[in-house]
Amino acid sequence: MRGVLKELREYPSRWRRLQEVVRNPIMREALERAMTRFAQGRAQALEGLGDFQELVELCRDMKDRALDRSRELWDRVQNGVVARGGTFYLAPDAQAAREYIGRLAREAGGNLVVKGKSITSEEIELNPYLESLGLEVVETDLGERIIQLAGEKPSHIIVPAIHKTKEEVARVFSQAWGREVPDDPYVITKEVRKDLRQKFLSANMGMTGINVVSADLPAFFLMTNEGNGRLCSTLPPVYVILTGWEKIVESVEDAFTIFDVLPVNSVGLKYSSYLSIFTGSFLWKKGRQFHVVILDNGRRKALDDPFFKEALRCIRCGACMNVCPVYKTVGGHTFAHIYMGGIGAAWTAITNGLEEAREVASLCTGCGTCLEVCPMGIPIPSLVEHVKELAKEKGQAERMAIRLVAKRKLLESATGLASLVAPERIARLPGPAGLITQERVLERPQQPPFHPWALSRGLEMGKGGEVTLFAGCMVEFFYPNIGRDAVELLTRMGVPLQIMKEECCGLPARTVGEMGLWEELAAKNLSYVPPGKPLLFLCATCMSGMHGYRESGKELPPLYDLSQLVLEKLGGGSFPGSCKAKVAYHSPCHLERHLGVKEEPLELLSRIRGVKIIEGEEAHLCCGGAGLYAFKYPPVSV
Amino acid sequence: MREDRLFLRFVEEFEGAGGILLYPRGEVTLEEAIALMVEGEGIKSYAISQKTPRVKAIDSVLKDLGLEKSRDYPGLDLGVTRAHGAGALTGTLVFVFGEGRDHLLTSLPRVHLAVLRREDLCEHVSQAVIPHLQGEGNPPPYISLVTGPSRTGDIELTHVTGVHGPEKLYLMVVS
Ligand code: SF4
Ligand code: SF4
Numbered sequence: 007m008r009g010v011l012k013e014l015r016e017y018p019s020r021w022r023r024l025q026e027v028v029r030n031p032i033m034r035e036a037l038e039r040a041m042t043r044f045a046q047g048r049a050q051a052l053e054g055l056g057d058f059q060e061l062v063e064l065c066r067d068m069k070d071r072a073l074d075r076s077r078e079l080w081d082r083v084q085n086g087v088v089a090r091g092g093t094f095y096l097a098p099d100a101q102a103a104r105e106y107i108g109r110l111a112r113e114a115g116g117n118l119v120v121k122g123k124s125i126t127s128e129e130i131e132l133n134p135y136l137e138s139l140g141l142e143v144v145e146t147d148l149g150e151r152i153i154q155l156a157g158e159k160p161s162h163i164i165v166p167a168i169h170k171t172k173e174e175v176a177r178v179f180s181q182a183w184g185r186e187v188p189d190d191p192y193v194i195t196k197e198v199r200k201d202l203r204q205k206f207l208s209a210n211m212g213m214t215g216i217n218v219v220s221a222d223l224p225a226f227f228l229m230t231n232e233g234n235g236r237l238c239s240t241l242p243p244v245y246v247i248l249t250g251w252e253k254i255v256e257s258v259e260d261a262f263t264i265f266d267v268l269p270v271n272s273v274g275l276k277y278s279s280y281l282s283i284f285t286g287s288f289l290w291k292k293g294r295q296f297h298v299v300i301l302d303n304g305r306r307k308a309l310d311d312p313f314f315k316e317a318l319r320c321i322r323c324g325a326c327m328n329v330c331p332v333y334k335t336v337g338g339h340t341f342a343h344i345y346m347g348g349i350g351a352a353w354t355a356i357t358n359g360l361e362e363a364r365e366v367a368s369l370c371t372g373c374g375t376c377l378e379v380c381p382m383g384i385p386i387p388s389l390v391e392h393v394k395e396l397a398k399e400k401g402q403a404e405r406m407a408i409r410l411v412a413k414r415k416l417l418e419s420a421t422g423l424a425s426l427v428a429p430e431r432i433a434r435l436p437g438p439a440g441l442i443t444q445e446r447v448l449e450r451p452q453q454p455p456f457h458p459w460a461l462s463r464g465l466e467m468g469k470g471g472e473v474t475l476f477a478g479c480m481v482e483f484f485y486p487n488i489g490r491d492a493v494e495l496l497t498r499m500g501v502p503l504q505i506m507k508e509e510c511c512g513l514p515a516r517t518v519g520e521m522g523l524w525e526e527l528a529a530k531n532l533s534y535v536p537p538g539k540p541l542l543f544l545c546a547t548c549m550s551g552m553h554g555y556r557e558s559g560k561e562l563p564p565l566y567d568l569s570q571l572v573l574e575k576l577g578g579g580s581f582p583g584s585c586k587a588k589v590a591y592h593s594p595c596h597l598e599r600h601l602g603v604k605e606e607p608l609e610l611l612s613r614i615r616g617v618k619i620i621e622g623e624e625a626h627l628c629c630g631g632a633g634l635y636a637f638k639y640p641p642v643s644v
Numbered sequence: 064m065r066e067d068r069l070f071l072r073f074v075e076e077f078e079g080a081g082g083i084l085l086y087p088r089g090e091v092t093l094e095e096a097i098a099l100m101v102e103g104e105g106i107k108s109y110a111i112s113q114k115t116p117r118v119k120a121i122d123s124v125l126k127d128l129g130l131e132k133s134r135d136y137p138g139l140d141l142g143v144t145r146a147h148g149a150g151a152l153t154g155t156l157v158f159v160f161g162e163g164r165d166h167l168l169t170s171l172p173r174v175h176l177a178v179l180r181r182e183d184l185c186e187h188v189s190q191a192v193i194p195h196l197q198g199e200g201n202p203p204p205y206i207s208l209v210t211g212p213s214r215t216g217d218i219e220l221t222h223v224t225g226v227h228g229p230e231k232l233y234l235m236v237v238s
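Protein chains in written order, with this note's numbering: chain X, 7 to 644; chain E, 64 to 238.
Don't read these hints as lab results, they were simulated from the structure.
Owing to the predicted nature of the structure, the values given are computational and were not obtained by experimental measurement.
Hints may contain errors.
[As the list claims (entries may be wrong)] If we take Cβ atoms under 10 Å as the criterion, some of the chain X residues that face chain E in the derived model are: (1) R151; (2) L155; (3) L207; (4) N210; (5) L223; (6) A225; (7) N234; (8) L275; (9) Y280; (10) L565.
[As the list claims (entries may be wrong)] Just a sample of chain X residues kept apart from chain E, beta carbon distances all over 10 Å, derived: (11) R23; (12) E26; (13) R75; (14) N85; (15) T93; (16) N133; (17) P134; (18) Y135; (19) R185; (20) R431; (21) E494; (22) G579; (23) K604; (24) G622.
Glycine is no exception: its CB is placed at the ideal position from the N, C-alpha and C atoms.
Isolated chain X (complex conformation) (with noise of 0.2 Å):
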């Protein structure tokens, strides 16, 4: 309890920090800018790769299967590593890394490091590190060198310094320099170029991250556009390589499939402008150097997890960043530990801990917009969920919140009381919580609920229909109008309903990781569906909750969403009667993405005469009601 308590009173505090972000108005348009374009390039750039979802279970099973045979593709690429004159060295966790790579960079002799963008080398926190040594570290990524030299962190995953404007970049130069830099892109690009230019060329050591490496030769890939790969890799006499555990390949024509995916999937790129091949036969040049540090830091025992497994196939595309309405709405700077976004909260689970990775998902809302994009078919909500679910410590609140709402008998009571006593719209609450009112209404439960209601109009329990109606608590209580005009829509349209005793259908506990009440609930709804009758929704949500019981093996009746149901019953007729209206149709994530009913209500509502269909430009994106998020982050909700 008393962590609960902690918890509550930590809530305001937070909602501020997310306010001010939310309302930083050059964070919100950069980051708009960037995640638009590169959807969209991504978009055009996908119709030459020909079907997405072949090319997802294509490269989803290629992966599956150097995960599964990592360990001795590791060793052969040690053997071929070392056997032309290189080193190998597989770091257990980020300290041995950093203190391996500290000697590396001690014993090349002088004091300057060159790196490539590695956010692996973040993970190990390697830059202070070599500081502390005495070393000079520069980023040669021009997005990096600039965060380098303000101190900040990357707000997004591709263009890392994207909150900010030209103006403030000139400035972060300036300072660096002692002389004034012009607010000109172009301008500052080149002075970066002569400035780091001298670098590459008096640096002993030289790093960089690698994006797949294939154990046939081996050979290590690298891809990047600005060309600082290039240099680091091969000007300075030592080259270091830092990558994880899960960037291993069978062979060269996989890791070929990986980059026919990631720069499309990523900003729309055919290709980048440089893709290097490494064979580690290094030694061109008398005296120089080559080691490979493959980091493992909880990887190898995130192969033994089977969510966390899947978040091993990652390629780091971003585009999961790219379509995300969170990431869109609070940036790289709050939805993240290191790593970002809701895949990241996987990889901060395997390589930082569950307590940072609960904080990082906790912030999204399992919409599944990611899903649609991401080429290794990584489920990311499941593994957000599974991070919640094992990080039993944090989100006591809201896994309190959902026991109690879930207790159908006392929500019963709760709604029936806040019937009679609460005004019919509240549009303010008191104090902190005023924030959950600021942009939305909450609306008094509705009497009767949905069930005394349809007792009273002569359907029964579990029997006397062909078709079973499950309300859900949000119908029942709340909404009970809209079950009452689908029983008299199918009424008319000759379908006899029957209803069944209800629990909360678990999706809410779910979404905080209450997989136990999840699984209780599941139970007790399958114990009361009618067996051998279809079952009818209302609700997008409760649907996806009861369709996800398969997961568990159980068998149930076929499930509709209304618009099915009543489009089934049409055949290929119009709706009877008209309406003259415009309407605009948002489309629920649960409904859309998680269990891929898209055009039907769409398709119902064009068959209703007089009905014009306004497409809205936001009608696909999460309302961000998830659940109890709209009342966990009220800022980023709406």
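We have chain X; now place chain E with the ligands onto it with these hints.
For chain E with the ligands alone, coordinates are given in the frame of chain X:
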């Protein structure tokens, strides 16, 4: 893909990625094409890899234009090398490096001129790479695939070329 369609696709992708094709054809001779590039880019110094196809001809054109042949690679205006292959689907050039400093001619100068034999063009770039990797003996230490000039969008997404690598990528195709 038929050979001529393959070539057209390559040209489309190569130019789409920001590369510039220097294609002596019709009235334009090899000398004139190179002279146009040298003048347009304000090139004063150059170095050329001995493995470049038509190395003698190109070298003498550059010399005749009064350019200084230099071994100071970091300060060079122009580097000339062979492209060992190309992939039409992405407009990518393939450079295969052994010992020596040739690789620096593709990464350090302000302008890079690559010379490709038309018969080295493949459909997918991997077809131009894999034979080099899977031959007898040790594979080459370093293969570089280049698609257009060095570029960034890191400041307000403004497209700027020539960040660390060449600002311009020229290609001459010879048969
Ligand atoms: S499920 Fe939605 S909120 Fe969560 S990471 Fe994916 S796109 Fe973002
Ligand atoms: S999770 Fe998928 S979409 Fe997101 S970065 Fe990784 S590979 Fe790309």
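We went through each hint and held it up to the structure:
| no. | hint | verdict |
| --- | --- | --- |
| 1 | R151 | 9 Å, holds |
| 2 | L155 | 13 Å, violated |
| 3 | L207 | 6 Å, holds |
| 4 | N210 | 17 Å, violated |
| 5 | L223 | 6 Å, holds |
| 6 | A225 | 7 Å, holds |
| 7 | N234 | 5 Å, holds |
| 8 | L275 | 8 Å, holds |
| 9 | Y280 | 6 Å, holds |
| 10 | L565 | 43 Å, violated |
| 11 | R23 | 26 Å, holds |
| 12 | E26 | 22 Å, holds |
| 13 | R75 | 20 Å, holds |
| 14 | N85 | 14 Å, holds |
| 15 | T93 | 16 Å, holds |
| 16 | N133 | 19 Å, holds |
| 17 | P134 | 23 Å, holds |
| 18 | Y135 | 25 Å, holds |
| 19 | R185 | 18 Å, holds |
| 20 | R431 | 43 Å, holds |
| 21 | E494 | 53 Å, holds |
| 22 | G579 | 48 Å, holds |
| 23 | K604 | 31 Å, holds |
| 24 | G622 | 27 Å, holds |
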